[in-house]
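Chemist: Given the coordinates of chain A, assemble chains B, C and D onto it according to the supplied hints.
Protein chains: 4
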Amino acid sequence: MRSFASDNNSGIHPAILKAIQDCNTDHTVGYGDDVYTKRAIELFRQHFGQHTEVFFVFNGTASNTLGLMHATKTFNSVICADTSHVNTDECGAPERIAGIKLIPVPNRNGKIKPADIMPHLEGFGFEHHSQPGAISITQSTEMGTVYKPEEIKELADLAHQNSMLLHIDGSRLANAAVALGLPFKNFTSDCGVDIVSFGGTKNGMMMGEAILFLNQKLAKDFKYIRKQNMQLFSKMRFISAQFIAWFEDELWKKNAQHANSMAQKLAKEIQTIPQIKITVPVEVNGVFAEIPQHWIEPLKKEFFFYTWNHLRNEVRWMCSFDTTDKDIEQFIGLLKKFSHSE
Amino acid sequence: MRSFASDNNSGIHPAILKAIQDCNTDHTVGYGDDVYTKRAIELFRQHFGQHTEVFFVFNGTASNTLGLMHATKTFNSVICADTSHVNTDECGAPERIAGIKLIPVPNRNGKIKPADIMPHLEGFGFEHHSQPGAISITQSTEMGTVYKPEEIKELADLAHQNSMLLHIDGSRLANAAVALGLPFKNFTSDCGVDIVSFGGTKNGMMMGEAILFLNQKLAKDFKYIRKQNMQLFSKMRFISAQFIAWFEDELWKKNAQHANSMAQKLAKEIQTIPQIKITVPVEVNGVFAEIPQHWIEPLKKEFFFYTWNHLRNEVRWMCSFDTTDKDIEQFIGLLKKFSHSE
Amino acid sequence: MRSFASDNNSGIHPAILKAIQDCNTDHTVGYGDDVYTKRAIELFRQHFGQHTEVFFVFNGTASNTLGLMHATKTFNSVICADTSHVNTDECGAPERIAGIKLIPVPNRNGKIKPADIMPHLEGFGFEHHSQPGAISITQSTEMGTVYKPEEIKELADLAHQNSMLLHIDGSRLANAAVALGLPFKNFTSDCGVDIVSFGGTKNGMMMGEAILFLNQKLAKDFKYIRKQNMQLFSKMRFISAQFIAWFEDELWKKNAQHANSMAQKLAKEIQTIPQIKITVPVEVNGVFAEIPQHWIEPLKKEFFFYTWNHLRNEVRWMCSFDTTDKDIEQFIGLLKKFSHSE
Amino acid sequence: MRSFASDNNSGIHPAILKAIQDCNTDHTVGYGDDVYTKRAIELFRQHFGQHTEVFFVFNGTASNTLGLMHATKTFNSVICADTSHVNTDECGAPERIAGIKLIPVPNRNGKIKPADIMPHLEGFGFEHHSQPGAISITQSTEMGTVYKPEEIKELADLAHQNSMLLHIDGSRLANAAVALGLPFKNFTSDCGVDIVSFGGTKNGMMMGEAILFLNQKLAKDFKYIRKQNMQLFSKMRFISAQFIAWFEDELWKKNAQHANSMAQKLAKEIQTIPQIKITVPVEVNGVFAEIPQHWIEPLKKEFFFYTWNHLRNEVRWMCSFDTTDKDIEQFIGLLKKFSHSE
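Protein chains in written order, with our numbering: chain A, 1 to 342; chain B, 1 to 342; chain C, 1 to 342; chain D, 1 to 342.
So here's chain A without its partners, still in its complex pose (with noise of 0.2 Å):
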């Protein structure tokens, strides 16, 4: 089975997968207090600053849900576009987990501005009203969207004039700094952004996701919450070797290349079918395309995909580190056949 469903349908890249056979040998001791956890940590320090703390969990939801709630109290609001994925997708792991409210704000191609979140910047000392915390973008964005380091800073610099701060949902973090041709510290930790959920999984790894904490003390007692959250891998070499594996030899960037310049190409040759609309810039590994409605469930027989908006026939197309061009060249084979059979 061949998909654009999501960059997760993907298996784990070849390397990352001999890292974790490269470390399967003999006994550590559990819970982090290794020396591949050392060295995963040092890499990541590398990329993000010295003062970077680094607690690594499961999953996504775990990344934004804690990062989050640690971040803020249980009074406070967290800011964001009404398309992001912990106001979407998290099965309401923010407000049942972290006690948070979630105030969703219009989005432009899933970004918002300062202007979009000034509105929301009120009740501050009123007891009856949450208390804003933080901000919370998404980079790059649910759309496939990349938010640009002034874009960054100015919306740091809003959160911290009103005492909250910015946490970055960086899921696809890679395929941000990729398009954007810089280092992640260039639009993280310089921004002046706080917390930043970064995750392994999308872009070739088996499983893994990393709480930083840009500013030391954020990341006070985060030990106690990780392992009360459910969140301390037992064998938690498995995750830092392949961590190891991704920032070594720079694999975080090939396959981000790769899988931005799928969606590339494939945006490319969709602009010869008449019938598709590219709804979206495509700026990293998605493609958002209003195609129609007929040829969806057809579609999806043969590649895998989902809808994103059934009203307007609105359909994403995920690239992944291991997309082919193979993949791409069917794939616009089998539109072009649908689009030359009307």
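No lab work stands behind these hints, which were simulated from the structure alone.
Warning: the hint list may mix true and false statements.
Copies of the same chain look alike in the list, so a pair counts if it works inside one copy or between any two.
[Unchecked claim] 30 Å max Cα-Cα, derived DSS-like pairs, lysine-lysine:
id, residue 1, residue 2
1, K300, K223
2, K217, K73
3, K38, K301
4, K253, K113
5, K38, K300
Modeler: Okay, now just chains B, C and D, sitting in the frame of chain A:
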């Protein structure tokens, strides 16, 4: 490094790793809607009964906490041994996540009996009092002992007579099965157990635990609870494939048998050392012993392990699927050297 | 001090205070097992139907939060108007205490319609998505408007068609009953409403709110939830006696009628002042109006009130059971003085 | 009906009721921003120290649960007597609401000592273990005994040496003050106590409890927590006025003195009845005694009370501010009649 610290200081059994590798082909729908997961669930049903509902989670804390949470209401209490992992080693996850009040009762070599529980079966219907909702036992126990089927049945009957449920923390259920010489079903479903938190990680898997609702009704809506509680794995096939390999060819049995027999070997040799006193019957893969205090530090440098009770200089030595005869021999050699030099 | 700030800035109606006094004799079993509470519950059943289950709590935040909590599961969402008290004025209690995800939808003078809700009735069965579990409306609304019975029925039907419940925040239900000229039952139980958070405090009581489960099954185990959530009053008779006095002699109706008519009077007089624009139809006891910005501060010094919308200089003037003709006249006098001096 | 069931089966002291009446004039800003609340807080500061931060809540469950919650983190444990109200009579509110793990230790007539606590001061820094965060004691205790200031100081010192806090459940603190013959300050602030859950309801108030943060820093942000946890009273003046009346003219002292002396009288008379054995020293307003089993039911019909320990036929008789000499005499008369007829 070799250690007797915990059965989770071991790595991955080669056959498990091979299974991960073998399923690492192509794209697969995420979150468990795949053939590997279907097969793994089927295998669980073969071992626990056709009505078993199976949900994979990342670790034991989640398996225990969410299993108990879904079986109780927030105003329930759960009665357990004071030595139980849920009481001592989850950093308060049952209280914080599930809202449960744990009622720890004194243990007998890690086990509890109806007589220990009965004094706490009170206050039913009285709204000031946490309502007893479940009994939780560990099989095999944290002290390396095993409940007999009739003991489990007796506890299940007591629970059901009081409209409560019986939960088993089965992070080492395989070791118990081997020690009893019985199929899983005989000392779980057949005895009236309601929920099992079933562990693979400590018996040769990379990671993977399963929450088993032996009574189908108890599983209602659990899929939302797993997701909301940050335990839904996107690339689920990589847990499922491990369980498949683990059940097929009875790897679970071989691993557990090996670990148990290594502990027997260790215990047998220890009896020849006069300064060491085994404190708990060795029924599975752990040996508890009081040793001279000044031996502890130098010993730990060679083979890492944990002190169980600092006041009594009681230590715990755990054997694993990959503990070797040589490990035992070297360790015993060391102990004898200490012994003779006194 | 006189004010139009809120109907809870008033004190206790003398008949209510007398009822507290009258029941202050002798000893009474605590926590609601007393004759006053039995009688008060009976009176609620006369007004809402014989199957109503009644639980008294201390305040409106508790009444809303625990009512919604008991009617939903942690993975449910609750759809409400963006202006609803549960969304704006509970400091995130529904999220933190109940684990609910609120989905605020745009209001029309404080009210919502099926068309506003329907776009959010999606993702059923999809575990990534908070499952729509209830619709919550406020009667009378925070904007001083009233749902007609047929509008409520339409919302209840929509809810039930989707296996959801309909909840009413009824902190001012008495004002709505008076405005509609209908018994409570006609626009609650008879329309299919499932739960009412019923308020007495804003209509002349010292304090006292009731969670009404109009469907008996929904009340199961709620007594434990009330206690655990810190809302069980030991000297319960002192809430119950208030409700008895409030229902007997129709004090609730007299108080609400008075408050509503004072708002009508205020609104009528205001129409003669050209600089003021009433922004919402005055249907119960509140008047919303845009006034010249520079009037606000000096006015507040004489009669305290709240600015509702700072951007539009919209203010809220609430009338209460104890608002007097003189209050209105003096206030109007003041407004006219401002008006003429321009 | 007359009863010895609990000091909360009494009504409201007339002076308290008068205070409610007296402040029932005119409009007052809600939620505590009023002169009554300012005055009540001032009075608390006179009794507990100028740095005391004072928050009124509705009942004792809230006072204990939220006081402990704000002083600890979710991963903390709280050590308390097994007989403590937080452990036995809050239906698990500390666990569910505050996420706290309670560690009950054996009591000595309701009291605990450093030696009882010390074995649980372990696992600091070890993320698997709930981190000891506070000690909670009850003054006067649930068994009707009183801690001496030096005993409290010893516990506070132990707590602080371990970076923990000392909390007092003071639902009957007034009775202790009277028994000790000391101002509140001498056995709270002066001994290093950090938080007091202070009760008025059991000593003649209609309702009203105060959370006292004796260390100002601990109170940070608590106003949001009170609101979010459903404990903010809109018509706050009606709690505040009660506390004013209670402190002025030393009503608290008179009430507590009376209740205590009635218990002494009861205890003294009981000593003449050979079939009754007083089981706990009578230091405040409760008498615990073992009585013949067949007396219990007929006695309860005349004067309601609770059986404390069913196994030992131990009953609890509580005296209150409104227990009369006649109550005692009639009850003793009844007991003597039972005694003589054997």
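Chemist: Mind listing which of the numbered hints don't hold for this structure, in increasing order?
Modeler: Violated: none.
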